[in-house]
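*Asks:* Given next are the chains, with one letter for each unit.
2 protein chains.
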Amino acid sequence: MATPHSPSAEDSLIARYFKPLATDPGALGLVDDAAILSSCGDDIVVTTDAVVEGVHYLATDPPDTVARKALRVNLSDLAAKGASPAGFVLTLALRSKEDAWLRPFADALGEDAKTFACPLLGGDTVSTPGPQMISITAFGRVPKGRMVGRTGARPGDLVFVTGTIGDAALGLDVLTGGVAASAVTDPAARDYLIGRYRVPQPRSALAHIVREHASAAMDVSDGLAGDLAKLCAASGVSAMIDAHQVPASPAAAIAVSAVGLETLVSGGDDYEILCAVPEGRSAGFSRDAGQAGVQVTMIGTIISGQGAPQWIDAQGREVTLRRLSYSHF
Amino acid sequence: MATPHSPSAEDSLIARYFKPLATDPGALGLVDDAAILSSCGDDIVVTTDAVVEGVHYLATDPPDTVARKALRVNLSDLAAKGASPAGFVLTLALRSKEDAWLRPFADALGEDAKTFACPLLGGDTVSTPGPQMISITAFGRVPKGRMVGRTGARPGDLVFVTGTIGDAALGLDVLTGGVAASAVTDPAARDYLIGRYRVPQPRSALAHIVREHASAAMDVSDGLAGDLAKLCAASGVSAMIDAHQVPASPAAAIAVSAVGLETLVSGGDDYEILCAVPEGRSAGFSRDAGQAGVQVTMIGTIISGQGAPQWIDAQGREVTLRRLSYSHF
Numbered sequence: 001m002a003t004p005h006s007p008s009a010e011d012s013l014i015a016r017y018f019k020p021l022a023t024d025p026g027a028l029g030l031v032d033d034a035a036i037l038s039s040c041g042d043d044i045v046v047t048t049d050a051v052v053e054g055v056h057y058l059a060t061d062p063p064d065t066v067a068r069k070a071l072r073v074n075l076s077d078l079a080a081k082g083a084s085p086a087g088f089v090l091t092l093a094l095r096s097k098e099d100a101w102l103r104p105f106a107d108a109l110g111e112d113a114k115t116f117a118c119p120l121l122g123g124d125t126v127s128t129p130g131p132q133m134i135s136i137t138a139f140g141r142v143p144k145g146r147m148v149g150r151t152g153a154r155p156g157d158l159v160f161v162t163g164t165i166g167d168a169a170l171g172l173d174v175l176t177g178g179v180a181a182s183a184v185t186d187p188a189a190r191d192y193l194i195g196r197y198r199v200p201q202p203r204s205a206l207a208h209i210v211r212e213h214a215s216a217a218m219d220v221s222d223g224l225a226g227d228l229a230k231l232c233a234a235s236g237v238s239a240m241i242d243a244h245q246v247p248a249s250p251a252a253a254i255a256v257s258a259v260g261l262e263t264l265v266s267g268g269d270d271y272e273i274l275c276a277v278p279e280g281r282s283a284g285f286s287r288d289a290g291q292a293g294v295q296v297t298m299i300g301t302i303i304s305g306q307g308a309p310q311w312i313d314a315q316g317r318e319v320t321l322r323r324l325s326y327s328h329f
Numbered sequence: 001m002a003t004p005h006s007p008s009a010e011d012s013l014i015a016r017y018f019k020p021l022a023t024d025p026g027a028l029g030l031v032d033d034a035a036i037l038s039s040c041g042d043d044i045v046v047t048t049d050a051v052v053e054g055v056h057y058l059a060t061d062p063p064d065t066v067a068r069k070a071l072r073v074n075l076s077d078l079a080a081k082g083a084s085p086a087g088f089v090l091t092l093a094l095r096s097k098e099d100a101w102l103r104p105f106a107d108a109l110g111e112d113a114k115t116f117a118c119p120l121l122g123g124d125t126v127s128t129p130g131p132q133m134i135s136i137t138a139f140g141r142v143p144k145g146r147m148v149g150r151t152g153a154r155p156g157d158l159v160f161v162t163g164t165i166g167d168a169a170l171g172l173d174v175l176t177g178g179v180a181a182s183a184v185t186d187p188a189a190r191d192y193l194i195g196r197y198r199v200p201q202p203r204s205a206l207a208h209i210v211r212e213h214a215s216a217a218m219d220v221s222d223g224l225a226g227d228l229a230k231l232c233a234a235s236g237v238s239a240m241i242d243a244h245q246v247p248a249s250p251a252a253a254i255a256v257s258a259v260g261l262e263t264l265v266s267g268g269d270d271y272e273i274l275c276a277v278p279e280g281r282s283a284g285f286s287r288d289a290g291q292a293g294v295q296v297t298m299i300g301t302i303i304s305g306q307g308a309p310q311w312i313d314a315q316g317r318e319v320t321l322r323r324l325s326y327s328h329f
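In the order they appear, the protein sequences are chains A and B.
Each residue of the first sequence is one higher than the one before, starting from 1 at the first, in the UniProt record's numbering.
Each residue of the second sequence is one higher than the one before, starting from 1 at the first, in the UniProt record's numbering.
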């Protein structure tokens with residue numbers, strides 16, 4: 001007698017946790033090996049970012065925040081490129097297949113997919129004996145030829161950054177008992193910083209405004225100083241930055257006297273947008289960003305030259321940064 | 001004095017090993033966080049598959065074969081969907097950053113990207129303390145609405161499979177000292193089976209022929225029996241399979257008396273195409289496949305019903321399979 005159709009452990013896991021997230025028709029209900037991304041004549045922007053347990057998040061981080069971080073670091077890339085989210089595929093390397101971890105993970109992923117209009121299109125679930133890893137490839141749409149790159153910054157453009165810088169690095173420091181942990185004692189301030197580390201706020205509301213006004217943009221993921229240096233190198237320019245203009249949250253302001261500016265501008269995980277805006281467009285950029293509810297701060301100017309960006313303090317002296325970026329390597 | 005632009009360890013690694021693979025203009029030379037996939041009015045087919053050291057490949061497998069396997073398991077999916085390769089993004093979770101591993105890995109990946117016209121578009125390189133993992137998301141193109149799904153098989157359609165079945169499972173068995181290791185003593189036969197495990201042959205040449213003729217298709221990655229059951233379930237049909245028609249290589253034929261049919265049809269890693277073809281199109285399908293240099297074998301018929309596919313031996317008796325699929329879970 002023929003045995004009935006018996007789904008594999010992987011199929012059961014997908015059906016149980018992830019099928020409810022696959023709301024886009026192109027996901028084919030996750031019953032196929034592939035998904036369909038309709039083009040509609042737009043360019044598809046593709047970005048991929050992985051988070052590894054113990055490297056990009058802590059084993060003790062709640063599973064719902066891990067899910068949000070994994071998706072949001074990709075949404076942040078799309079926003080900085082001026083792209084509207086279109087969907088994502090997920091590769092999940094799991095050690096634990098326990099409901100206590102997977103249920104809040106999948107629920108939070110589904111909530112964020114809905115909030116940011118970025119449905120799950122497909123994926124792969126694999127077993128690993130090692131640390132868990134979530135690799136997401138996300139897709140966005142821009143009108144043909146309109147993705148905002150890194151190469152378009154020109155001397156005279158103004159340098160803007162969204163939100164506040166350094167919170168996430170301080171949050172990690174608080175979680176791991178570093179210098180900031182003793183400098184920031186107020187529980188609300190500590191929670192704020194930890195929240196900024198665990199759950200980035202992708203600036204999706206700014207995507208079309210970046211596309212409209214910026215000459216170059218990227219998201220700040222490895223430290224503002226290092227990422228600015230990358231943008232300048234790609235554009236063949238340099239920059240002069242007013243270090244004291246770098247926006248800090250009240251919680252970060254408490255910590256900065258203890259940890260120094262360098263920790264703020266070279267720490268990772270900000271997931272804010274850094275962009276160059278031609279001077280004639282800066283008023284429009286600030287206005288539109290304000291209307292979209294996103295704080296933007298002008299921190300300096302693009303200048304000609306091949307050298308690394310210069311950081312200037314409130315007294316007009318150059319600040320030497322020993323470290324530009326956070327590197328997981 | 002400003003320090004010069006100093007690339008991070010990750011940037012150096014990307015520039016050294018992977019930039020030469022980014023031949024598509026949409027890859028932007030890997031200097032951006034994102035890539036551009038032009039649509040040209042086609043549908044974009046998206047598939048994602050990861051391989052984990054110790055799970056999908058052995059730690060002792062040569063790095064060039066690991067690279068080829070990681071890409072080819074995705075190319076196999078695209079071919080089964082009737083899609084022409086358009087490019088891929090790579091997430092590499094590395095423990096070792098040694099040239100002795102990365103150089104042959106990147107060179108082989110580049111060779112396959114060229115062979116299969118599937119250029120590297122972007123990626124992410126992360127550090128892991130655990131097993132290495134390569135996650136690839138690959139893109140293909142099909143004319144709008146023409147992706148070949150799993151749901152279109154209809155009673156009366158003939159069931160075809162490409163190449164030979166079971167070689168890879170036997171190759172893994174040889175490598176790990178299983179039953180096949182003692183059954184197959186001829187060195188050439190052993191090498192053949194090991195090669196089939198380590199380096200799949202994606203049936204890319206068949207993509208447009210599948211699109212032209214097949215009513216449903218998928219690639220065989222988790223075992224022919226289980227994958228056929230999935231295709232039937234998705235289409236709401238069943239199948240009757242002539243077990244003795246399942247194509248076996250000469251090396252597998254040596255082993256089959258020792259390991260039994262079940263090992264062949266429930267082992268993983270075949271990466272052949274399984275498809276249903278309406279009877280009136282079967283002659284055309286076989287002819288076109290032959291002209292494309294791909295062996296196809298008719299192994300049975302789609303029938304109505306909800307039960308699992310039935311396997312019939314040369315004497316017309318039903319074969320009971322205790323196991324349908326290989327599961328990594």
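In case anyone wonders, no lab produced these hints; they're calculated from the structure.
Do not rely on the hints blindly, as some may be mistaken.
[As the list claims (entries may be wrong)] Here are the simulated distance ranges between beta carbons:
1. P62/B to R95/A: 25 to 31 Å
2. A15/B to R95/A: 28 to 34 Å
3. K97/A to A253/B: 47 to 53 Å
Note that beta-carbon positions come from the ideal geometry of N, C-alpha and C, so glycine has one too.
*Asks:* Compare the structure with each hint and give your call.
*Replies:* Hints, verified against the model:
no., hint, in the structure
1, P62/B to R95/A: 25 to 31 Å, "holds, 27 Å"
2, A15/B to R95/A: 28 to 34 Å, "holds, 33 Å"
3, K97/A to A253/B: 47 to 53 Å, "violated, 38 Å"
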